[in-house]
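Participant: Take a look at the letters that make up each chain.
2 protein chains.
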Amino acid sequence: MQNVTLRVEGMSCNHCVNAIEKALKELGASGKVDLAAKTVEVSYDENALTLEAIKEAIEDQGYDVV
Amino acid sequence: MQNVTLRVEGMSCNHCVNAIEKALKELGASGKVDLAAKTVEVSYDENALTLEAIKEAIEDQGYDVV
Numbered sequence: 001m002q003n004v005t006l007r008v009e010g011m012s013c014n015h016c017v018n019a020i021e022k023a024l025k026e027l028g029a030s031g032k033v034d035l036a037a038k039t040v041e042v043s044y045d046e047n048a049l050t051l052e053a054i055k056e057a058i059e060d061q062g063y064d065v066v
Numbered sequence: 001m002q003n004v005t006l007r008v009e010g011m012s013c014n015h016c017v018n019a020i021e022k023a024l025k026e027l028g029a030s031g032k033v034d035l036a037a038k039t040v041e042v043s044y045d046e047n048a049l050t051l052e053a054i055k056e057a058i059e060d061q062g063y064d065v066v
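The listed protein sequences correspond, in order, to chains D and V.
To convert, note that position 31 of the first sequence is 31 in this note's numbering; the numbers rise steadily by one, no gaps.
To convert, note that position 50 of the second sequence is 50 in this note's numbering; the numbers rise steadily by one, no gaps.
None of these hints come from the bench; they were simulated from the model.
Bear in mind that the values here come from a model prediction, so they are computed numbers and not experimental data.
Note that beta-carbon positions come from the ideal geometry of N, C-alpha and C, so glycine has one too.
Among the hints, a few may not be true.
As the list claims (entries may be wrong) - Derived, one-sided and incomplete: chain D residues facing chain V with beta-carbon distance under 7 Å:
| id | residue |
| --- | --- |
| 1 | Thr5 |
| 2 | Ser12 |
| 3 | Cys13 |
Unchecked claim - List time: in silico DSS-like cross-link candidates among lysine-lysine, alpha-carbon distance up to 30 Å:
| id | chain 1 | residue 1 | chain 2 | residue 2 |
| --- | --- | --- | --- | --- |
| 4 | D | Lys25 | V | Lys55 |
| 5 | V | Lys38 | D | Lys32 |
| 6 | D | Lys32 | V | Lys22 |
| 7 | V | Lys38 | D | Lys22 |
| 8 | D | Lys22 | V | Lys25 |
| 9 | D | Lys32 | D | Lys22 |
| 10 | V | Lys22 | V | Lys38 |
| 11 | V | Lys22 | D | Lys25 |
| 12 | V | Lys25 | V | Lys55 |
| 13 | D | Lys38 | V | Lys32 |
| 14 | V | Lys55 | D | Lys55 |
| 15 | V | Lys25 | D | Lys55 |
| 16 | D | Lys22 | V | Lys22 |
Unchecked claim - Here are some chain V residues the structure puts well away from chain D; computed CB gaps all over 10 Å:
| id | residue |
| --- | --- |
| 17 | Met1 |
| 18 | Asn3 |
| 19 | Val4 |
| 20 | Leu6 |
| 21 | Arg7 |
| 22 | His15 |
| 23 | Lys25 |
| 24 | Lys32 |
| 25 | Glu41 |
| 26 | Leu49 |
| 27 | Thr50 |
| 28 | Glu59 |
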């Protein structure tokens with residue numbers, strides 16, 4: 001398992017938290033959003049997923065991974 | 001038809017817009033959110049719905065009608 005903390009801009013409310021956590025779950029990763037810190041802590045299997053795919057999933061929800 | 005513009009606090013993103021517009025639609029009203037102005041313009045049939053019910057539907061989504 002790989003853990004990474006991403007800095008993500010544009011997350012403003014609990015709907016945003018849900019949208020990102022759901023998108024990560026659908027990828028097979030898990031994520032924990034900290035709205036105040038503007039971060040997403042992601043756990044994923046690095047044999048199954050790339051960090052690039054994770055960033056893309058977050059950006060596809062309309063957020064910027066910094 | 002009755003039209004009213006409510007001032008609503010806590011709406012921060014398009015997910016919030018969707019949540020409120022969907023809740024109003026489910027009530028049988030229609031709403032248009034202006035995020036920047038922090039307002040919701042609601043159209044409703046005053047014979048079928050009260051303004052109180054509309055405010056409650058918005059508050060049930062987690063927002064404050066001022």
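Participant: Now tell me if each hint is right for this structure.
Facilitator: Going down the list of hints, with the structure as the test:
Because the smallest distance between the Cβ of Thr5(D) and any Cβ of chain V comes to about 22 Å, over 7 Å, the interface hint for this residue is violated. For Ser12(D), the interface hint holds, since its Cβ comes within 7 Å of a Cβ in chain V; the closest pair sits about 4 Å apart. For Cys13(D), the interface hint holds, the least distance from its beta-carbon to any beta-carbon of chain V being 5 Å, beneath 7 Å. Distance check on the hinted pair: Lys25(D) and Lys55(V) sit about 34 Å apart at the alpha-carbon level, beyond 30 Å; violated.
With a CA separation close to 29 Å, the supplied pair Lys38(V) and Lys32(D) stays within the 30 Å bound. Using a Cα cut-off of 30 Å, the hinted pair Lys32(D) and Lys22(V) holds, with the two alpha carbons roughly 27 Å apart. At most 30 Å may separate the alpha-carbon atoms for a hinted pair to count; Lys38(V) and Lys22(D) meet this at roughly 27 Å. A distance of roughly 25 Å separates the Cα atoms of Lys22(D) and Lys25(V); the hinted pair therefore holds under the 30 Å criterion.
Straight-line distance between C-alpha atoms of Lys32(D) and Lys22(D) comes to about 10 Å, which keeps the hinted pair within the 30 Å bound. Restraint check for Lys22(V) and Lys38(V): satisfied, since their Cα atoms lie roughly 17 Å apart, inside the 30 Å limit. At most 30 Å may separate the alpha-carbon atoms for a hinted pair to count; Lys22(V) and Lys25(D) meet this at roughly 25 Å. Among the hinted pairs, Lys25(V) with Lys55(V) is consistent with the structure: their alpha-carbon atoms are about 13 Å apart, no more than 30 Å.
The straight-line distance between the Cα atoms of Lys38(D) and Lys32(V) is roughly 29 Å, inside the 30 Å bound, and the hint therefore holds. Pair hint Lys55(V) plus Lys55(D) does not hold up; C-alpha atoms about 38 Å apart against a cutoff of 30 Å. Between Lys25(V) and Lys55(D) the alpha-carbon distance is near 34 Å, which puts this suggested pair outside the 30 Å criterion. Distance restraint check for Lys22(D) and Lys22(V): the Cα-Cα separation of roughly 20 Å lies within the 30 Å cut-off, and the hinted pair is therefore satisfied.
Distance check for Met1(V) against chain D: the nearest CB is about 29 Å away, which clears 10 Å, and the non-interface claim stands. Annotated as non-interface, Asn3(V) keeps its C-beta farther than 10 Å from every C-beta of chain D; the closest such distance is 27 Å. Remark: the non-interface label on Val4(V) is consistent with the geometry, its nearest Cβ contact in chain D lying 24 Å away (cut-off 10 Å). The Cβ of Leu6(V) lies farther than 10 Å from every Cβ of chain D, with a closest approach of about 18 Å, so its non-interface assignment holds.
Look at Arg7(V): its CB is around 18 Å from the nearest CB on chain D, clear of 10 Å, so calling it non-interface holds up. Residue placement check: His15(V) does not keep its beta carbon more than 10 Å from all beta carbons of chain D (closest about 3 Å). The beta carbon of Lys25(V) sits about 17 Å from the closest Cβ of chain D, which is more than 10 Å, so the claim that it is off the interface holds. No beta-carbon of chain D comes within 10 Å of the beta-carbon of Lys32(V); the shortest separation is about 18 Å.
The Cβ of Glu41(V) sits about 21 Å from the closest Cβ of chain D, beyond the 10 Å cut-off, so the non-interface label holds. With a least beta-carbon separation of about 25 Å from chain D, Leu49(V) lies farther than 10 Å from that chain, consistent with its non-interface assignment. No Cβ of chain D approaches the Cβ of Thr50(V) within 10 Å, the least distance being about 27 Å, so the stated non-interface status holds. Once the 10 Å rule is applied to beta carbons, Glu59(V) is consistent with being away from chain D; the minimum gap is 15 Å.
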